[in-house]
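The residues making up each chain are set out below.
Number of protein chains: 2
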Amino acid sequence: MPTIVVDVMPKAELLDPQGKAVSGALTRLGVAGFSDVRIGKRFELTVDQADDATLDAARRIADEILSNSVIEDVVNIEVVE
Amino acid sequence: MPTIVVDVMPKAELLDPQGKAVSGALTRLGVAGFSDVRIGKRFELTVDQADDATLDAARRIADEILSNSVIEDVVNIEVVE
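As given, the protein sequences belong to chains A and B, one line each in that order. Residue numbers are given in full-length UniProt numbering: position 20 of the first sequence equals residue 20, and the series is strictly consecutive. Residue numbers are given in full-length UniProt numbering: position 13 of the second sequence equals residue 13, and the series is strictly consecutive.
If you are wondering where the hints come from, they were derived from the structure by calculation, not from laboratory data. Each hint should be verified, as a subset may be incorrect.
Since the list can't tell identical chains apart, any single copy or any two copies may satisfy a pair.
[To be verified] Capping the alpha-carbon separation at 20 Å, the derived lysine to aspartate or glutamate pairs in DMTMM-like fashion look like this: (1) K41 with E78; (2) K20 with E64; (3) K20 with D48; (4) K11 with E64; (5) K11 with D63; (6) K41 with D73; (7) K11 with D73; (8) K11 with E72.
So that you can see chain A by itself, here it is in the shape it has in the complex (with noise of 0.2 Å):
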């Protein structure tokens, strides 16, 4: 059965702490080149047939239910078989 990726991040201007520990990490560990770390959900919903259809409920879905808009961004919705 197909599935539906929704990929949601927090919006660019929030201040995104866990991300930041994870970078901090980084650098404590002495990995180099990695300026900034931010994190979000990825989400895979499996649906019965990936048509136009399901793809608008997916948006729908997304914007309502799997992301909170004050705070996070829908960044990517796919179909990936």
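Once you have looked at the hints, place chain B on chain A.
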């Protein structure tokens, strides 16, 4: 600056209670066609340059720091300009 995206999902054989909760909510809200929901993490790593060395480091970081290999799989690592 380029960004490397790392996607981490719970191992397929593990129960995903959060995913089940969202899946149940979709059913209660009358949204049809979505048989399963799984929730993982999406990391956006801002890097100085997206060369091979940095990509190798990102793979190592993904396996050792960003995911718990006992319960999670790194399902995707890609450069996003």
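Structure versus earlier hints - violations, ascending order
When the structure is compared with the hints, none of them turns out to be violated.
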